[in-house]
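Undergrad: Use these hints to put chain B onto chain A, whose structure you have.
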Amino acid sequence: MEDKHTIIITVANRVGVLARITGLLSARGYNIESIIAAPTENPDIYKVHLVVHGTDEKVEQVAKQLNKLVDTIKIQDISHKRNYIVREFILIKVNAGNARSEIFELVDVFRAKVVDVTKNHIIIDLSGPSHKIERFIELLRPYGIHEFVRSGKVAVSEN
Amino acid sequence: MTGAEILIDALKKEGVDVMFGYPGGVVIPIFDVLNRTREIRFILTRHEQGATHAADGYARATGKVGVCLVTSGPGATNTVTGIANAQLDSIPIVVISGQVRSPVIGTDAFQEADVVGLTRSICKHNYLVQNIEELPRIIKEAFHIASTGRPGPVSLDIPADIINASLKNYMYPKTVDLVGYKPTLKGNARQIERLAHAIANAKRPLLYTGGGIISSNASPELVKFINKTNIPVVITLMGLGSVPADHQLFLGMPGMHGRVAANYALMQCDLLVAVGTRFDDRVTGNLQTFAKQAIVAHVDIDPAEISKNVKTDIPVVGDAKNVLAELIQKVAARKPDEWNKTVNEWKTKHPLAYKQEKDGPIVPQYVIDRISHLMKDDAILVTDVGQHQMWSALFLRHRQPRSFLSSGGLGTMGFGLPAAMGAAMAFPKRQVIDISGDGSIQMNIQELATCAVNRIPVKIVVLNNGYLGMVRQWQQLFWKENYASTCLRQGPQCPPQCKGPGKKCKGVYWPDFVKVAEANGLLGLRAEKPSDVDKVLKQGFKTKGPVLMEFVVKSMENVYPMVPAGKSINEIITGDA
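From first to last, the protein sequence lines are chains A and B.
First residue of the first sequence: 106, per my numbering; consecutive thereafter.
First residue of the second sequence: -2, per my numbering; consecutive thereafter.
Just chain A, same shape as in the assembly (with noise of 0.2 Å):
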């Protein structure tokens, strides 16, 4: 069954890292969804983390891939397990119009936060779990979205 899997691969902090990775996943054929690099705690190591469509056949094939770059340190395939907090960002500009308080409730409930307000539009931004964002995004499209973006899914093991 194709599937979403959020992948976080650890790296080397290496000239060109980035480049490998999403090389590899076009030259073999592998569609991105999102991908987030970023330093850690450490600053020889950066954290990749990758969002794939594929069969869990198809995405080990690309982890081992993966793997095998000599810049990377370690794979992980996180999309069955339990124990990580997976958190996106997303900043989302809606059109003010007059329906501004029901906005305004929303925001409050989704315990967002609205970061500016101009005569046309209200700018807010949301941070949490993929679904709860996919859920903000449904309820505020009624009220007409200029645009919004998405940062992309990172995580962290609770251990």
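Honestly, the hints are just simulated from the structure, not real lab data.
Small disclaimer: the values here were computed from a predicted structure and weren't measured.
Just so you know, not all the hints are guaranteed correct.
[To be verified] Pairwise CB distance ranges (calculated):
id : chain 1 : residue 1 : chain 2 : residue 2 : range
1  : A       : 138       : B       : 245       : 53 to 61 Å
2  : A       : 158       : B       : 134       : 32 to 40 Å
3  : B       : 499       : A       : 138       : 39 to 47 Å
4  : B       : 283       : A       : 158       : 22 to 30 Å
5  : B       : 357       : A       : 158       : 40 to 48 Å
6  : A       : 254       : B       : 179       : 37 to 45 Å
7  : A       : 138       : B       : 175       : 40 to 48 Å
The beta-carbon is built from N, C-alpha and C at its ideal position, and this holds for glycine as well.
TA: Structure of chain B alone, referenced to chain A:
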């Protein structure tokens, strides 16, 4: 010390004795140092592609890292095919290229090309050196990565300012520290136990081995293993020679142009033990039907190969040599049984055959058969890509490992001649024979001059059928004889829809290979009838220095057996022979 001096010193410390390449603006300082270095012999090829294949041939023949040195821009882009070729066959080479000065990288400077970008997907690892301090470490890592684990090519791109910069406290590191790179060499004991158990229980076990046996130097272990267990073995193109071809347990090469017995055995076995091989589509044919009755065990140093194409029941990640050695200890001896009888019957019933009529045209298989009889026992055979390659794989009596060098994965026409040069530089005392076709040889024919000038004694065999024979064969069998752009003699005087050379053929024999040889300073010989074959081969083999022997062969001969692309490997066309 300057970057150039550090590089050459490091190469010496890595044991490099021969290098191939081509100079250019940014690498002049390296050549300046190299020219004063007695320990490293440099061979100037006539094209950078030739240099990479020569380094590759050197690596295949010796097991050591092959090295080439080229300039930036076009020098580096010309190495791309050679790097990809080494990558697909897991051959350890280090390709060193000069790069434009660091400050102008990214400005489309003269002879600038993004080498790390170009080579990223076709090499095991690559480097763009950022400062002189890291140069020694990077060279050490490049050689380490190329030669350990599953070997492969490493590209090393050095900007001109770093080549010229100087470093005060130069020390060549003794070890590498790569947190993300630690190949697994020893097989998991429990999995090896499981495998031994599966072998004990199997009724129809089969061994399927490939280039991993060669790269881990596991031939002695493999022979010992089959002798103890009497398990028949099929060996891929990349592994030929790891068991002598006359060994009675050897069923031949499997796959698209494999022996019937080899393919039947793959389809019928109940335990398939794959070692150092990767279930390539040219071997497996239709994956849906491949070895369906078998429990699949896979021994490979590269974990990513396990279950990539065929689902594996018993995975063993490790070096083939280590794992086989351990397996020999654990496995019980087995006597030849019904299964051995069956496979031997297939072998006898479907022999490799060809017909050479006394007064007919020379058939290419006959030439290869005669080479096999007349060559020295320890000869190194190198091929190009196409029909002659398959005939060489099938009809040569392979005797020992690292003595049959062929471009398997990438299928690179033009590989043969430069790779043979590399092998000959590594083993000046051994006979090195390059078997090629009239198509392939023209893809790196400029290296004839390199052979002549450097007196590299490669014996070149050109099987001239006037066609790009393998593609023509497909056109004949699957494209209604529409020989589009495969006749090398076709010109404007010919009808556009030619169905092959008949009596009225207007094609022109071109080029004259004997003259090409002579123009390049080689002895050129030609055989046009069967009775000339031995004469030409004998004369060519006994001549010192490089020789080109042309054999004008039957143009429409096909390679059989053949499994059409995408079919099950037991759906074999055996042809008329």
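Undergrad: Each hint should be assessed against the structure and marked as holding or not.
TA: Quick rundown of the hints versus the structure:
no.: 1; hint: 138/A / 245/B: 53 to 61 Å; in the structure: holds, 55 Å
no.: 2; hint: 158/A / 134/B: 32 to 40 Å; in the structure: holds, 39 Å
no.: 3; hint: 499/B / 138/A: 39 to 47 Å; in the structure: violated, 59 Å
no.: 4; hint: 283/B / 158/A: 22 to 30 Å; in the structure: holds, 26 Å
no.: 5; hint: 357/B / 158/A: 40 to 48 Å; in the structure: violated, 59 Å
no.: 6; hint: 254/A / 179/B: 37 to 45 Å; in the structure: holds, 39 Å
no.: 7; hint: 138/A / 175/B: 40 to 48 Å; in the structure: violated, 30 Å
Checked against the numbered hints listed earlier, the structure breaks hints 3, 5 and 7; every other hint is satisfied.
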